[in-house]
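2 protein chains.
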Amino acid sequence: MKLGVVGTGLIGGSFALGARTRNLFQQFVGIDPDPSAVKQAAELGIVDEIAAEVPGDCDAILLAAPSDHIAGWVVALAEHPAIVFDVGSVKGGILDAVVAELGHVPPRFVPCHPIAGRERSGPGSAHEELFADRLVIQTPHSQLSQADLEQVVFWWRSLGARTQTMIAADHDDIYAVTSHLPHLLAFAYLQQVAPEHLQHAGAGFRDFSRIGGSDPDMWTAIFELNKNALLPAIDAYSEDLARLRRAVDEGDSADIRALLAKARRNRAGSS
Amino acid sequence: MKLGVVGTGLIGGSFALGARTRNLFQQFVGIDPDPSAVKQAAELGIVDEIAAEVPGDCDAILLAAPSDHIAGWVVALAEHPAIVFDVGSVKGGILDAVVAELGHVPPRFVPCHPIAGRERSGPGSAHEELFADRLVIQTPHSQLSQADLEQVVFWWRSLGARTQTMIAADHDDIYAVTSHLPHLLAFAYLQQVAPEHLQHAGAGFRDFSRIGGSDPDMWTAIFELNKNALLPAIDAYSEDLARLRRAVDEGDSADIRALLAKARRNRAGSS
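Chains as they are written, first to last, in numbering that gives the first Met the number 0: chain A, 0 to 270; chain B, 0 to 270.
If we strip away everything but chain A, and leave its shape as in the complex, we get (with noise of 0.2 Å):
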């Protein structure tokens, strides 16, 4: 069995690893356009070669590419044999991208994404053990087959994953929501932190801000995919935002007391 991995920084390196440790496939190949990545890849032993193309003969394809590159990898591997799957963190965005180019989506294609920790980068930062016990998501299309699910669904869990199978477009609502926005909030935060409010920092800020440092191409291609979704979340947030200056502005105590009452509620069971 032989995996094609295109993207081998954190998230491909990763699986590959943890899939030669579990011996779900034998042979591993590395595509990235970035050759030092790749080339990286293979020093570390996260693959046993380099391609400059997917080969024919790959079983399965993973695309741990850019959320933004995805949907141009599946069109191009469209005729492909193997089943293809990705790691995107929007699903609806990738499918409609494809039909707008395809008028379908290939029947063999997996829309997956696990929730794992992007805070480093690099294949020099992958570990076999990175999806234990993380979700990974998958959205279904109607031209999927069970059985193409089944298998996917297995190698993640064999890598100590637990799945969950949903609708993409609920997906994306849902991520909208609990990811996408809080980036875009951090991001949108910091614009006015300047050199000397940083010695001033406590936990608090570092925290909140954390996600403010992730990175700027991935975010634009994620806030762009997501837009449908994410536009809604932000406005939804600007009245709530609106109301409670409203309240501090008023001075009124109550009113500020139960907004922040309700936060602390809403988020009660996170650690």
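By construction, these hints were calculated from the structure, which means they are not laboratory data. Careful: at least some of the hints might be erroneous.
For identical chains, the list gives no copy identity; a pair is met inside one copy or between any two copies.
When the alpha-carbon atoms are kept at most 25 Å apart in a straight line, the in silico DMTMM-like pairs for lysine to aspartate or glutamate are as follows [as the list claims (entries may be wrong)]:
{"#": "1", "residue 1": "Lys1", "residue 2": "Asp239"}
{"#": "2", "residue 1": "Lys38", "residue 2": "Glu223"}
{"#": "3", "residue 1": "Lys226", "residue 2": "Asp95"}
{"#": "4", "residue 1": "Lys226", "residue 2": "Asp169"}
{"#": "5", "residue 1": "Lys226", "residue 2": "Glu128"}
Assemble the complex: chain A is given as a structure, and chain B must be docked to it using the hints.
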């Protein structure tokens, strides 16, 4: 030397424990409107005795009460001969409230703000090293003597803190941006978070929203006391958010990327 500790929770209790270890004071009296807190503080050995009022023979009085109660204590203790120092998160608003009441600031009041953990609370969380390597800010007023300022700075440094002297208005502007605004934004963000989101919450969500679980009473008081610095910070933020929203809406990748890159640069150096 006798220290009166008004408010025997995390901050007051930790100062008392640290001061006892270093032998800065020999007697500790606890005063707290919450009888269970001050009883627990006595049982834990944080204070030696409990009093309903601040005894007249205290040499120093630490006001570790909620921020919106501090001005009232400063006014009530205006004729007390002891050095009085506080731990309020807002400085200008407290001084303004005192002046509104008395027409002046009592000369022996030394306004302080320790930047120390607030996630836990109560005397049970107090420990003698809470201020080790933490920043404690003093915002002197025109009536304050250099000797009293240096005495309070000496106590904080004895507990391992770093100290810094600032103008109250500068303190409030800086902490509006680095602390009060992030809390307010996290509270606003959590308004739309529902139970179905929490199971999809990753590390980014948890870090970003952690401060949104903070105590509603404490933060209502801080927002109201620092309203004058907080409202302009909210408005600057809203403009930055509107620009980022517009860039996403218009698909202006270059502008999104520029804003995200600026956010990352502005945060560089924080952990």
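Going through the hints against the structure:
1. Lys1 x Asp239: Cα proximity of Lys1 and Asp239: none, with 51 Å in one copy and 48 Å across.
2. Lys38 x Glu223: neither (30 Å within a copy, 57 Å between copies)
3. Lys226 x Asp95: Answer is within: at 12 Å inside a copy they meet the 25 Å cutoff, but 46 Å across does not.
4. Lys226 x Asp169: within (14 Å within a copy, 39 Å between copies)
5. Lys226 x Glu128: Close neither inside one copy (32 Å) nor across copies (47 Å); limit 25 Å.
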